[in-house]
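J.: Each protein sequence line maps, in turn, to chains A and B. Note that the working numbering has the first sequence beginning at 359, numbered continuously upward. Note that the working numbering has the second sequence beginning at 327, numbered continuously upward.
Since the hints were made in silico from the structure, they are not lab data. Among the hints, a few may not be true.
Which bits of chain B does chain A cover? Going by a derived footprint, with three or more residues having C-beta under 8 Å, they are [said to hold, decoys possible]: (1) 386 to 397; (2) 400 to 411.
Calculated Cβ distances over 10 Å to all of chain A for the following chain B residues [to be verified]: (3) Phe336; (4) Leu337; (5) Ser338; (6) Glu343; (7) Leu345; (8) Tyr348; (9) Leu371; (10) Thr374; (11) Gly378; (12) Glu380; (13) Asn425.
Even for Gly, the Cβ is constructed at its ideal location relative to N, Cα and C.
The lines below spell out each chain.
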Amino acid sequence: NAGVMQNPRHLVRRRGQEARLRCSPMKGHSHVYWYRQLPEEGLKFMVYLQKENIIDESGMPKERFSAEFPKEGPSILRIQQVVRGDSAAYFCASSLTGQETQYFGPGTRLLVL
Amino acid sequence: TQLLEQSPQFLSIQEGENLTVYCNSSSVFSSLQWYRQEPGEGPVLLVTVVTGGEVKKLKRLTFQFGDARKDSSLHITAAQPGDTGLYLCAGAGYGGATNKLIFGTGTLLAVQP
Numbered sequence: 359n360a361g362v363m364q365n366p367r368h369l370v371r372r373r374g375q376e377a378r379l380r381c382s383p384m385k386g387h388s389h390v391y392w393y394r395q396l397p398e399e400g401l402k403f404m405v406y407l408q409k410e411n412i413i414d415e416s417g418m419p420k421e422r423f424s425a426e427f428p429k430e431g432p433s434i435l436r437i438q439q440v441v442r443g444d445s446a447a448y449f450c451a452s453s454l455t456g457q458e459t460q461y462f463g464p465g466t467r468l469l470v471l
Numbered sequence: 327t328q329l330l331e332q333s334p335q336f337l338s339i340q341e342g343e344n345l346t347v348y349c350n351s352s353s354v355f356s357s358l359q360w361y362r363q364e365p366g367e368g369p370v371l372l373v374t375v376v377t378g379g380e381v382k383k384l385k386r387l388t389f390q391f392g393d394a395r396k397d398s399s400l401h402i403t404a405a406q407p408g409d410t411g412l413y414l415c416a417g418a419g420y421g422g423a424t425n426k427l428i429f430g431t432g433t434l435l436a437v438q439p
């Protein structure tokens, strides 16, 4: 029973580059959530997606951030033109129905130099 | 402002001691989840409580959801070094949004052998 998988586990980018974070939900789960954990801060909701649809992006920064969950393949969180303040741990979670328990992946630690 | 406040923030105890972690809010949640997070890893689900007044036991861990579904507590009996980690409560259903979790401020527990 594979859990939520995220890759890469660690990502280093220079300012101005793009970061792509991937998340494969648990088998059978079609609801994906992204959260961000900034240094010395708690986990904050970013976006909620179902297959091919963004349901709630109320926690996403207005610029440079985007997310998708295509019909086939993993969910992608994309950060364009990264800045140092984007350095954080990004966690993906999935759930079966969207109204039940969320299961988290191991996270991607993004470091922007 | 934090919707979910956890106390204490830090706790260092000796093996064998008992402890209680509190998660408090002035808002109502439809459910509350407790997670434990270890350094470099994602949050691992411990329990979900749904009904006001509900008590759940998981070996030496006892979880309670307040009658009004605004607060919760986690009690650990006879703590062991393996219990060391960051304990997070997370509420679902705030403002009617079932899809995103609001995380607490976290309690960092260290159990000394």
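J.: Please go over all the hints and tell whether each is borne out by the structure.
T.: Each hint, compared with the structure:
no.: 1; hint: 386 to 397; in the structure: violated (count 0)
no.: 2; hint: 400 to 411; in the structure: violated (count 0)
no.: 3; hint: Phe336; in the structure: holds (13 Å)
no.: 4; hint: Leu337; in the structure: holds (17 Å)
no.: 5; hint: Ser338; in the structure: holds (19 Å)
no.: 6; hint: Glu343; in the structure: holds (26 Å)
no.: 7; hint: Leu345; in the structure: holds (20 Å)
no.: 8; hint: Tyr348; in the structure: holds (16 Å)
no.: 9; hint: Leu371; in the structure: violated (6 Å)
no.: 10; hint: Thr374; in the structure: violated (5 Å)
no.: 11; hint: Gly378; in the structure: holds (18 Å)
no.: 12; hint: Glu380; in the structure: holds (15 Å)
no.: 13; hint: Asn425; in the structure: violated (4 Å)
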